Amino acid sequence: MNTLPPADSLHVLLIEDDADTQANLADILDLDGHRLTAYGTFSQAVAEVDWQAISTVILDWKLPDGSAGEFLPRLHRLAPHAPVVIVTGYPDLQGAIEALRSGAYDYILKPVNPDVLRATLTRIGRQQQTEAALRQSEQKRQLLAEAVRNLAEGVIITDADLNAPGPHIVFVNDAVTRITGYSAEELFGNSPRILQGPGTDPKALQRLKESLTRGDTFSAELINYRKDGSPYHVEVLISPVRNAGGEITHYVAAHRDITQLKQAQEKAMQAARLAAIGQMVTGLAHESRNALQRSQACLEMLALELGEDRADLLDLVARVQRAQNDLHRLYEEVRDYAAPRLLKREVCDIAQVWRGIWTHLKHLHEPKRLGLVEDLQASNHTCHADPFAIGQVLRNLLENAIAASPEEAEIRISSQDTALERGPALQIIVSDKGEGIAADVRARVFEPFFTTKTKGTGLGMAIAKRIVEEHGGRIGICDTDGPGVAFHFELPREAS
Amino acid sequence: MKSPLRIAVADDEPELRKYFTVILPRLGHEVVSVAANGQELLEQCLALRPDLIITDVTMPQLDGLTATRTVARTYPVAVMVVSGYDDDLTLEPEVADHIQAHLIKPFTMAQLNAGIELAIQRFAEQQRGPRVEQLPAAWPDEQTKPAYCAGRSAQGHANEA
Numbered sequence: 001m002n003t004l005p006p007a008d009s010l011h012v013l014l015i016e017d018d019a020d021t022q023a024n025l026a027d028i029l030d031l032d033g034h035r036l037t038a039y040g041t042f043s044q045a046v047a048e049v050d051w052q053a054i055s056t057v058i059l060d061w062k063l064p065d066g067s068a069g070e071f072l073p074r075l076h077r078l079a080p081h082a083p084v085v086i087v088t089g090y091p092d093l094q095g096a097i098e099a100l101r102s103g104a105y106d107y108i109l110k111p112v113n114p115d116v117l118r119a120t121l122t123r124i125g126r127q128q129q130t131e132a133a134l135r136q137s138e139q140k141r142q143l144l145a146e147a148v149r150n151l152a153e154g155v156i157i158t159d160a161d162l163n164a165p166g167p168h169i170v171f172v173n174d175a176v177t178r179i180t181g182y183s184a185e186e187l188f189g190n191s192p193r194i195l196q197g198p199g200t201d202p203k204a205l206q207r208l209k210e211s212l213t214r215g216d217t218f219s220a221e222l223i224n225y226r227k228d229g230s231p232y233h234v235e236v237l238i239s240p241v242r243n244a245g246g247e248i249t250h251y252v253a254a255h256r257d258i259t260q261l262k263q264a265q266e267k268a269m270q271a272a273r274l275a276a277i278g279q280m281v282t283g284l285a286h287e288s289r290n291a292l293q294r295s296q297a298c299l300e301m302l303a304l305e306l307g308e309d310r311a312d313l314l315d316l317v318a319r320v321q322r323a324q325n326d327l328h329r330l331y332e333e334v335r336d337y338a339a340p341r342l343l344k345r346e347v348c349d350i351a352q353v354w355r356g357i358w359t360h361l362k363h364l365h366e367p368k369r370l371g372l373v374e375d376l377q378a379s380n381h382t383c384h385a386d387p388f389a390i391g392q393v394l395r396n397l398l399e400n401a402i403a404a405s406p407e408e409a410e411i412r413i414s415s416q417d418t419a420l421e422r423g424p425a426l427q428i429i430v431s432d433k434g435e436g437i438a439a440d441v442r443a444r445v446f447e448p449f450f451t452t453k454t455k456g457t458g459l460g461m462a463i464a465k466r467i468v469e470e471h472g473g474r475i476g477i478c479d480t481d482g483p484g485v486a487f488h489f490e491l492p493r494e495a496s
Numbered sequence: 001m002k003s004p005l006r007i008a009v010a011d012d013e014p015e016l017r018k019y020f021t022v023i024l025p026r027l028g029h030e031v032v033s034v035a036a037n038g039q040e041l042l043e044q045c046l047a048l049r050p051d052l053i054i055t056d057v058t059m060p061q062l063d064g065l066t067a068t069r070t071v072a073r074t075y076p077v078a079v080m081v082v083s084g085y086d087d088d089l090t091l092e093p094e095v096a097d098h099i100q101a102h103l104i105k106p107f108t109m110a111q112l113n114a115g116i117e118l119a120i121q122r123f124a125e126q127q128r129g130p131r132v133e134q135l136p137a138a139w140p141d142e143q144t145k146p147a148y149c150a151g152r153s154a155q156g157h158a159n160e161a
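First to last, the protein sequences are chains U and H.
According to the working numbering, the residues represented by the first sequence are 1 to 496, in order.
According to the working numbering, the residues represented by the second sequence are 1 to 161, in order.
The following block holds chain U by itself, in its conformation from the complex (with noise of 0.2 Å):
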């Protein structure tokens, strides 16, 4: 008769006071594999019973403490998730009814048919079994619903739609927000292809839609755009989703920014060539110098053997030197620019430096009369530096200031105590009164071979800016009107 299969095991709670009734239900209960504990007070049960393990309670209609109708609303505090089914003879069928309004599970008449009981207590199982198995499902799905939104890597779902305009996005996680800049809102409806823009390799995409069309995974890396237009490179991998027929419903694709990856490959890249470069020039430097040498010897042999009365030949060889010198101080500053530098720092004082390499530019500073102006306002100049290197800075600063100045004029060199990220530093300012230099051109000053002088090899600005890097140090232009310029530097005190 009973067609349900059988539920698994319950703890079930007897609240009776019948004994024959009691025994019986007992019998029942037992024969079908369920536990059972039986109370014949409802204060008894409440004193001792474990709430956490019921399963389902069943409950006499009238107890000697009370009726089920009272106990009913303690029940549902007592355990929520067991279902309490009544047990009432017909003359209490009316109070059973009631007692279903205010939340009984179900009621059995006395005097009780196994049959209905089995029924009742199959169904119960059946039911928790299912609201479990739900249960379970709903934390998985939470489970992976969090996991996705939360991948670091971004998660892109798609339905199948492969037309033009092409899959809409579906769904989108925190990563591709957090890597696209658009809204989650924003993507939904579109097609990834809003991601995509001119450096978006076509081929790669071709391949794509191929790979989809076939229903194979695809993997590339391509560059992709943000929501500001900047470009960004993406590793992606999209794989169909089919249903349990096979069909492919949708695809999910992985979303990796490899940006800062890429950029580091670059860097190293970048770093190995000029590595590469910077040996080349060096040997090139050096062997340069034999050539030259040839060739000054030999220049300065020719003007002997010319004698005063070649005047215009002796001018020709004196420009064949002049010629000669450029390129060697071109080929020295080369090298000196390429090759590996090691500091040798010591305590020393930069404004002795500066009156010392100030002396040495007699020859330039001398002829047009220029003037040194010293404005110092740092508590010393005491720095952990090279003094050869920085006097290098100094002299590349005031030769620069020296060639910008008109005659007669002063060079300001002004000092401040400042910091940097690291500790207190020193802060010079030479500054000239020359015809300064052009805003756009303010940011390339210290690229190599940039210049804006006829003469000089464009190294020494960058030079100066290499130097004052290695010495944990920054150098740079400083943001003022009126005429000529002033460029700042700033050395750590200390060496770090």
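Careful, some of the hints might be misleading.
[Stated by the list, open to error] Okay, the calculated beta carbon distance ranges per label pair: (1) Glu43(H) - Leu314(U): 50 to 60 Å; (2) Asn380(U) - Lys18(H): 52 to 62 Å; (3) Ala495(U) - Lys18(H): 44 to 54 Å.
Note that these hints are calculated values from the structure, not bench results.
In this text the structure is predicted, and so the values were computed from the model without any measurement.
Beta carbons are placed, not taken as given, at the ideal position from N, Cα and C, and that holds for glycine.
Starting from the known structure of chain U, arrange chain H on it as the hints suggest.
Only chain H this time, still in chain U's reference frame:
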């Protein structure tokens, strides 16, 4: 006028050998030996005992440093090295401490002259007694400033400063 020196020169480049034979007499000196490698230099110096040796470093058969070191062990002689490398002398002291001056190529006649004076001056000081560091604070004329290196104690080369 300063006293003329008897000078031995060595360079594997013929232009430089010719140059020394033309220029050094004009600077008031006598070129007693012209060698194309270290071996020739060594043999001729041992035979002729010049006052000053001007030599390239990298040469076939025997390098200039080894040749001059061997000579300097047999009798006191002033040595000036001319080379394309400014780190030639940043070697072990026993390799380079017999060198009084180091001229980096390319150099001019004026620098050559200044280098010779420096080498002789230092050599004389060393002969008188323990070496005293005496570097000129600033060369009077930028154009004729020699590229010198006082062996191990040098701060750097003038043409880098």
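So, going through the hints one by one against the coordinates:
1. For Glu43(H) paired with Leu314(U), a C-beta distance near 40 Å fails the hint of 50 to 60 Å.
2. Checked against the hint of 52 to 62 Å, the C-beta distance between Asn380(U) and Lys18(H) comes to roughly 55 Å, which is consistent with it.
3. For Ala495(U) and Lys18(H), the Cβ-Cβ distance of about 50 Å falls inside the hinted range of 44 to 54 Å, so the restraint holds.
Of the numbered hints listed earlier, the single one contradicted by the structure is hint 1.
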